[in-house]
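Given the structure of chain A, go ahead and fit chain B onto it with the hints provided.
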Amino acid sequence: MMTDFPILSLMTYLPLVGAILIFAMGGQKSGHDVGADTRAKFVAMITSLLVFGLSLVMMVDFNPHTADFQFVEKKVWFESVGISYHMGVDGISVFFVLLSAFLTPICLLASWFSVHTRVREYMIAFLLLETFMIGTFCALDAVLFYVFFEAVLIPMFIIIGVWGGARRIYSAFKFFLYTLLGSVLMLVALLTMIIQAGTADIPTLMATEFSSQMQLWLFLAFFASFAVKMPMWPVHTWLPDAHVEAPTAGSVILAGVLLKMGGYGFLRFSLPMLPEASEFFAPMIFVLSVVAIIYASLVALAQQDMKKMIAYSSVAHMGFVTLGIFTFNMQGIQGAVFQMISHGVISAALFLAIGVVYDRLHTRDLNRYGNLSKNMPLYAVVFVILMLGSVGLPATSGFVGEFLSLLGAFKVNHVIATFAATGVVLGAAYMLLLTRKLVFGPKINDDAAQMTDLSLREKIYFLPFIILVLWLGVAPAYVLDRIAPSIEQLMSHMNSKVHVRMDVGYGQPNVGGAESPQALQSPQALQAPQVPNTLNELSEPDVSPEMSSGLPKEGQAQENGAEPVGRGQDKAQDRAQGNNSRAAQTHSGPQRTHMDHKK
Amino acid sequence: MMLDYMAVFAPLIAFLLAGLLGKKLGDGFSQIVTCAGVLLAAFVSVKLFFSVVLGMSPITLPVMNWISSGDFNVSWTLRMDQLAVVMMCVVNIVSACVHIYSVGYMYHDEAKSRFMAYLSLFTFAMLMLVTSDNLLQLFFGWEGVGLASYLLIGFWYHKPSAGAASMKAFIVNRVGDLGLTLGIMAAFVIFGTVQFQAIFDAAATKADANFSFFGYEVHALTLLCLLLFVGAVGKSAQLGLHTWLPDAMEGPTPVSALIHAATMVTAGVFLVARFSPVFEYAPDALMVVCVFGAVTAFVAATIGMTQFDIKRIIAYSTMSQLGYMFFALGVSAYSAAMFHLVTHAFFKALLFLGAGSVIHAMSDEQDIRKMGGIWKLIPLTYLMMWVGSLALAGIPLFAGYYSKDLILESAWGSGTAVGHFAYWMGIAAAIMTAFYSWRLIILTFHGKPRADHHTMDHVHESPPVMLVPLIVLTIGAIFSGALLYGGFAGVPHEEKLHAVSAEKEMAEEVISATEDQMEHAAHTEVKTDEDVDPLTDKGAFFGETIFVRAEHDAVAMAHSVPSWVKNLPTIMGVAGIALAFLAYSLMPSIPARTVKIFKPLHQLFFRKWYFDEIYDVLLVKPTQALGRALWVGGDKAIIDGLGPDGISKLARVIGLGFSKIQNGFVYNYAFIMIFGLIALLTWVFYTTIGFQ
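Protein sequences, first through last, are from chains A and B.
Quick note: the first sequence, position 235, residue 293 per our numbering, numbers continuous.
Quick note: the second sequence, position 286, residue 290 per our numbering, numbers continuous.
Bound conformation, chain A alone:
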């Protein structure tokens, strides 16, 4: 492994170089300069393919047995405030880098003939987008991350605003309003954290302890940004509009990569840096996730616009991601990451598939299609496989992510998991409706019946998706094994942080103060929706000796206290037990079940 070879920077800035090259090559400003356009296309394609090649090299060199950041590059910028140029990937981010590098050339190929205006600018926008996307997932410095994270939106705005559909201005404006709110708050949070810690270095920030009170506010600020990005209910309404108006390739990147930035943010910032606040807000996030899953599925069922339907299905699928992340157990988080990767493949491919028929008939109205199996049999096969992935049929990638995150949720809270699982039924309903109206059903429209089957170019870009959907479904070990160490570390890191605090704050009864997590009892904090958490309800004092080993006896004596303060201690203790048990599970400990053995 070439440790000092700056592969991440190379992948990040190569597209930027390509973009500058296209810009420098120039061309006539007015009218169609076909020669320059073609040159631009090829430069963009070659650049993105080079990046994809580099990403494969990175995957080969990636060490699956360590949770440490790999391919690390670090140059100090502003030493006194701790801002540095710090890049690196771990098991969580590496696949998002790969996904970005994989989707960009496919997007370029998909828009090869469908973009006619301002081709050079289009190519430049996509290359810039790639730079920012990869940068976001590689950045290990909070300031650097912020720059990339926010910069991603600029080319995306331009892509929607310039090459989008009729209502593109409205959509982009909506996108803008939502994101603005989130990013301003995140900026404030980041600044606060950097001031507090004296550094912007992400690994150092992870190790930094923030007071409980502060964590709550910081969490909410980050949440504002990540929730919009996910998007979580109720800040999701920008997504359907953005998808509908974006050109096909824009939708592909939006669904494939941009929606993952929220989940990635939760895993990179919220969980490791603000573990107590994460646990505190988990019930609220569970509720929002379940609402997102059911609500978005129901709304998807009512759509006639194909892109809107897939957009709402994305909201539902992202609900499984947030649900999984905040279970804080292996299956939940691993399932969430896998679900993000899987969704990145499946929904990207579904938008491409809709693009195929849109290119031919120029309508997204579901009722104008039908019977495509007849004249587009190959397309029908591709679409049905993608549909199956989307509804989470076993042996497709969609199943693994959905099932693991549900399983993680079920371990923590049966009620939430049961409600979330109803999304599986509703998901089947709208996807089958879409399939039936699009590829099956009687012949409705003569124009639709005239459409030709997939061209060679289209076959080329669908093939990898089909292979990925099935491969990740049948043998997901390649991905799961590489994610696992980083998540294990994240979990034990979270546990140790809450643990230490607990020994200080909870170990002795009646110790309060701002530094103590009893601040969680503050009035505004209590207003957050409380969901019965089985971990809390079911933890028995005598579950097993090692589970309560870290707890002083006095704490247990407080267990049955009926006063609010006593309750808070109970909860903290239960949480601690949960953490202990989780830690025990990670290290081959016995499975802890929510059982009550009467024997």
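These are calculated hints, taken from the structure and not from any lab test.
Treat the hints with caution; some may be incorrect.
Stated by the list, open to error - Below 35 Å or equal to it, Euclidean Cα-Cα: the simulated DSBU-like pairs (lysine-lysine) are:
| id | chain 1 | residue 1 | chain 2 | residue 2 |
| --- | --- | --- | --- | --- |
| 1 | B | K51 | B | K163 |
| 2 | A | K432 | B | K163 |
| 3 | B | K374 | B | K603 |
| 4 | A | K432 | A | K517 |
| 5 | B | K640 | B | K570 |
| 6 | A | K501 | B | K163 |
| 7 | B | K163 | B | K570 |
| 8 | B | K603 | A | K501 |
| 9 | B | K452 | A | K432 |
| 10 | B | K374 | A | K501 |
| 11 | A | K501 | B | K27 |
| 12 | A | K517 | B | K27 |
| 13 | B | K163 | A | K517 |
Remember, predicted model here, so these are calculated numbers, not experimental data.
Just chain B, lined up with the frame of chain A:
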């Protein structure tokens, strides 16, 4: 060893070959390769039957790792024990018959390759289901057969009714799958694994465990079993989630025979039988299974009496027979249920393929009111329909007689209230079964022709490629009962008989009753019987794969029930046949008059107890309405109205100039970002300088 894998993977290979190359190499290639694949699988299954079931040596074949996440580990593994191999034989033999039959049946269809490929895909998924070694792989097979069913019901996708039926089947099944998914997760939380053997080994230790579900403390294993049973209700079309099965008849008839009669719909029965070691510790769950089965058997039979579509009548009969299997499971007579599953697979597939032969002959007519008078034109089909119906009605010597009687005797023999309830429901269903079977035969084959002469001119016997599979199934429908009775019903050995008789004081009767059956039993089975733990001793076929607690042993009790209990089902069968002849052959005015007298009741049966209508009003319509309401009211009016749209309106009101923002939004955003960066950098420089 390699060959054993082929029992499962040959159909997959055939599916891939036919699916990928079918278009290039032609329909003939697809037909040959798929039939060859399934025949190979059938051959290996029979070989496995001898080594695994008769030789009592189950095998486990590892394939590869599937999902491992923390302490959740699942691999692809083929568990070929007695229960699995019995199922494999049924699946592969019926599937082979249906594959060959389809070559003839689909002769005029354009998409033969696609059809054959789907059939093989189904067979593979079903085999994965029955050979699974853990719940997740079972779920793969479960969903796989659902997918194949969906694709095949909607095979003629240009028909709107077929499209609707396929969607309905998938979605209704998904409701059941929801239960199964939760069951898998509950199993993992309770047992810490989803691997069968580990669960079964630990089941007894969890017998007293509780589980907090929705705030209630419930018995853990009862909850687990009920969740699994929800899945079974969906897949096996038991009351409540049965509405998809009659509609599924939109698919081509071979599909109905294979998927919706012989194999897939019995997956629920298999699941419960597979989980007998757990169900045995959840008596409440067993009770629920029993009641569901009994009521389904009855309700489906009432509907079957009133329908006119030849395939739908048989579909309701399938549902009713599945009800028999479930109430057998509910009284712990697992081997009796499996026995009926096997015989039913043969005679019901025969009935469906026979019906297909009729439909084929009648130029795709399915309404029995437009048939009649064709028995002389298609005598072989007619004969086979008789055999199938005799077996279904439980007439002595035919397969159904042995299995159905064993079920009813077990239900009575269990001695419980629900068991007796199930017995009477089963008796009522038995007379109706015989009645609608002969109503079908008489209306279809006898009387004056009611079809137009065009159709009648074309009535012809099916080609040999369709008749040969029918003959194979006919043999099965006649002999499988007598042949397999010993293995499934179990031949209790001496000590056990005494133990049982001590309780029941009927020892002498039992021995004399079972001695006759002893002769039927294969020698191997009798021999091995001695080695089996009396606790788990059951049909010697299943060895330890089916577990019954001694106090539940309904099948053993079945041998000692009063003689009227034994004879009543047969009497009912004969009575039903007689009644059908009376009503439809001798005095044809009876049906119309009966319908007039019992108008509300007939309407209830004819409209299928209004399940579809009720679901439409209670579930389908509200869901659609809710979706629209959330979209228009929630997303557009509330969220957007209070959010971005509201703010932009506000901006306009204040006079910021919306148009300016519109044109400059990118710049605005860039500006704000740059502003943020400037603020950041200012602070950075400030602190930098400050530190200097």
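Status of each hint after checking the structure:
{"no.": "1", "hint": "K51(B) / K163(B)", "in the structure": "violated, 42 Å"}
{"no.": "2", "hint": "K432(A) / K163(B)", "in the structure": "holds, 13 Å"}
{"no.": "3", "hint": "K374(B) / K603(B)", "in the structure": "holds, 23 Å"}
{"no.": "4", "hint": "K432(A) / K517(A)", "in the structure": "holds, 18 Å"}
{"no.": "5", "hint": "K640(B) / K570(B)", "in the structure": "violated, 67 Å"}
{"no.": "6", "hint": "K501(A) / K163(B)", "in the structure": "holds, 10 Å"}
{"no.": "7", "hint": "K163(B) / K570(B)", "in the structure": "violated, 47 Å"}
{"no.": "8", "hint": "K603(B) / K501(A)", "in the structure": "violated, 41 Å"}
{"no.": "9", "hint": "K452(B) / K432(A)", "in the structure": "violated, 41 Å"}
{"no.": "10", "hint": "K374(B) / K501(A)", "in the structure": "holds, 30 Å"}
{"no.": "11", "hint": "K501(A) / K27(B)", "in the structure": "holds, 23 Å"}
{"no.": "12", "hint": "K517(A) / K27(B)", "in the structure": "holds, 17 Å"}
{"no.": "13", "hint": "K163(B) / K517(A)", "in the structure": "holds, 29 Å"}
In this structure, the earlier hints numbered 1, 5, 7, 8, 9 are contradicted, and the remaining ones agree with it.
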